[in-house]
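**Q** Listed here are the chains, written in short residue letters.
Protein chains: 2
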Amino acid sequence: MAVQTVATTADTAASPVDLGPAAALSCRECGHRIPLGPVFACEECFGPLEIAYDYSSYDTEELRRRIEAGPANIWRYAPLLPVPADVAEKPNLNPGWTKLVKADNLARELGVTGGLYVKDDSGNPTHSFKDRVVAQALEAARAFGFTTLSCSSTGNLAGAVGAAAARAGLRSCVFIPHDLEQGKVVMAAVYGGELVGIEGNYDDVNRFCSELIGDPAGEGWGFVNVNLRPYYAEGSKTLAYEICEQLGWRLPDQLVVPIASGSQLTKIDKGLRELIELGLVEDKPYKIFGAQAEGCSPVSTAYKAGHDVVRPQKPDTIAKSLAIGNPADGPYVLDIARRTGGAVEDVTDGQIVDAIKLLARTEGIFAETAGGVTVGVTRKLIEAGVLDPALTTVVLNTGDGLKTLDAVAGTGLTATIRPSLESFRSAGLA
Amino acid sequence: MAVQTVATTADTAASPVDLGPAAALSCRECGHRIPLGPVFACEECFGPLEIAYDYSSYDTEELRRRIEAGPANIWRYAPLLPVPADVAEKPNLNPGWTKLVKADNLARELGVTGGLYVKDDSGNPTHSFKDRVVAQALEAARAFGFTTLSCSSTGNLAGAVGAAAARAGLRSCVFIPHDLEQGKVVMAAVYGGELVGIEGNYDDVNRFCSELIGDPAGEGWGFVNVNLRPYYAEGSKTLAYEICEQLGWRLPDQLVVPIASGSQLTKIDKGLRELIELGLVEDKPYKIFGAQAEGCSPVSTAYKAGHDVVRPQKPDTIAKSLAIGNPADGPYVLDIARRTGGAVEDVTDGQIVDAIKLLARTEGIFAETAGGVTVGVTRKLIEAGVLDPALTTVVLNTGDGLKTLDAVAGTGLTATIRPSLESFRSAGLA
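Residue numbers (full-length UniProt numbering), protein chains in the order written: chain Z, 1 to 430; chain Y, 1 to 430.
With the rest of the complex left out, here is chain Z (with noise of 0.2 Å):
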């Protein structure tokens, strides 16, 4: 099937392909709709294209017994994603599941006593959330007959990508920019795909990217955020459902959600009212409130602001993985954060890596500087009076410290003795 921006009724009609419940795609913004196809913006308006689904034949309990019998991973939530009914017998890597950590010892620190949670998506296969989507993506590229799996990227979706083509079988080619630090190239590279440096910053990277899929070179291409990108973005609905369930089949009252292009908060509201509609969870209301890092808070200082449009910024955080200065669903961001009443805020370098600290002192997780931006920033709404520390409140940690350790290289060792009962005691360490 040739690549394509945008896409045409008749060239998808002729394609049916099997996607379980996906119906069609759907203009987020005019509402127009047409069949399944590797396209990311609608052909009336030029608005984003997300999934629609049909879930009309479901009934609640029998879905729930369904679910429940399913496996320890995100393809329990099959029926409610765009992936065929057999996909946990396709070799993929199989991703979330993930620990929902209730965080008692955090909670006394941050003063919560509605119940604090931590899920923690560093336990996925490459230790990030980007295997939640890029497994989606997979699949829509299976389904298209796609037989390179592509992306740009300086970080984590760079090895989800590579790892998840490795498994499947696919051919992957990931493009990053040629000076990335050698560390990350290293956990790129290591899944055996190219891996192509190009000469120039990330946005020359996403230019060349785009030139690509409009040109007979990139046929066959599925590049997983930009081609598969309404596939792609279904994969973060799996955070809202695994909550829920863990939280045994119960909505929290407040989430706190990091934003980088602002598409995973939104898939997680997406996510919640889908459980509401389909009865699985009570119909209560929730609240979203947004995290970002200062050094990158285009949709975080529109909040403030009152405005409803995000004005783009050049970020400068070690938040890497949130640094997205023109975030595609900043508005989308803003709307939920408002209706759910919720708010968006930001935190320093330096309260991120407050926060890094205080969540491995405290649970025993080490998180990804995005994780101290979402701890931090659940701090300061606490002491600002925005976030209700008697209510239900989860907190997501995407990503894991391993691959961010530069941000906590201040630390170190508490004390250096000889190896002596002498030297021990006067260190003050008995």
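Treat the hints with caution; some may be incorrect.
Chain copies aren't distinguished; within one or between two, either way the pair holds.
[To be verified] When the alpha-carbon atoms are kept at most 20 Å apart in a straight line, the in silico EDC-like pairs for lysine to aspartate or glutamate are as follows:
#	residue 1	residue 2
1	Lys314	Asp203
2	Lys304	Glu68
3	Lys270	Asp335
4	Lys102	Asp253
5	Lys380	Asp104
6	Lys314	Glu61
7	Lys380	Asp253
8	Lys314	Asp204
9	Lys90	Glu109
10	Lys314	Glu294
In short, the hints are calculated from the structure, not lab data. Being a predicted model, the structure only gives us computed values, none of them experimental.
Knowing the structure of chain Z, use the given hints to seat chain Y on it.
**A** Chain Y alone, transformed into the frame defined by chain Z:
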């Protein structure tokens, strides 16, 4: 309770503790039994102590149902471990129930036709199998009233102890050589416990820890791999339990297990024998193969020479988590390899790196050097006709590649291009 090296019956009889089915400590050499206590060497013969259980009340099918209804972590096996029945309600890292990956791509490369699986313990909370053993030591520490969790370490164990103690609300004090690489120091320090650098090498650190255990200054200290070792070591049994349950309550025909101290391999054998005795799996033969790095291969060397004793070596290998030159359980490993019809083999550092890349390229699993050792040994044993490719084989990966990035530092970009389609085409990537 006082810390001591060798227990007397009188000392420990006074303090009955609830560690579930753990009935006593039993000497592996002379069989002498003493009550449970924080001791590790037999008062009669100075042999190593291990846990003796009372499983007599279990009905096979009831036990199976109880396990299957348990949590998705090691505590589903609480009835078979030295832990209280309510262990799952206490704050700990809940390790285990990691993925058993059906490795069909790797099987094709290696010519395995009988089914090849990778037990991927990089999915544990601190990304190594150490979380399993530390979780047992933590329960023993609680039972004996210890308030400080400690160990000597140069890597994985330091982080596992720091994280477990943080979550459990215990003090931790970890001893490491003072000149350890900065990255490893950060991974251990982030959990906020005491991290003490000892001016000396790893042997000096160990010698100091032994001194501390015998001194009043060590009162109330639980050294997970010294005075809590009998409990700690039992955690590796859960690898055997999970592998069999994940195979549908079936024994694999062959297992390839890394050897550091050799404890893990002996406990996997113990776990398999328990499952047979309990009737949870059929009684059939299985073979256990031990894997070492050539640069630290005391057990492999003894195996090949037909010796019963293991001659210490000075380690020199990139597989640092296996670099124990004088493995305490070496003789038991030799027994098990010979009794089960397995073998012990070693691979070079170059073969370790190749195997890490092979596993990543075929299955999307990025293993620590120890995983490179087991995959490399599996390949070598198949090529030598020692490991039967027609039998069901399970290979262990006990740690995460993110912790040993240096081993694959040579991996990098496959191409560098300018951000243009022309440059893309001339690089042959289309």
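**Q** Hint by hint, note whether the structure agrees.
**A** Going down the list of hints, with the structure as the test:
1. Lys314 <-> Asp203: within (11 Å within a copy, 51 Å between copies)
2. Lys304 <-> Glu68: neither (41 Å within a copy, 50 Å between copies)
3. Lys270 <-> Asp335: within (13 Å within a copy, 58 Å between copies)
4. Lys102 <-> Asp253: Only inside one copy: Lys102 and Asp253 sit 15 Å apart there, 39 Å across copies, limit 20 Å.
5. Lys380 <-> Asp104: Cα proximity of Lys380 and Asp104: one copy only (18 Å, versus 48 Å across).
6. Lys314 <-> Glu61: neither (48 Å within a copy, 62 Å between copies)
7. Lys380 <-> Asp253: within (18 Å within a copy, 55 Å between copies)
8. Lys314 <-> Asp204: Result: close within a single copy only, 15 Å intra versus 51 Å inter.
9. Lys90 <-> Glu109: Only across copies: Lys90 and Glu109 sit 19 Å apart there, 44 Å inside one copy, limit 20 Å.
10. Lys314 <-> Glu294: Classified as within: same-chain Cα gap 11 Å, cross-chain 51 Å, threshold 20 Å.
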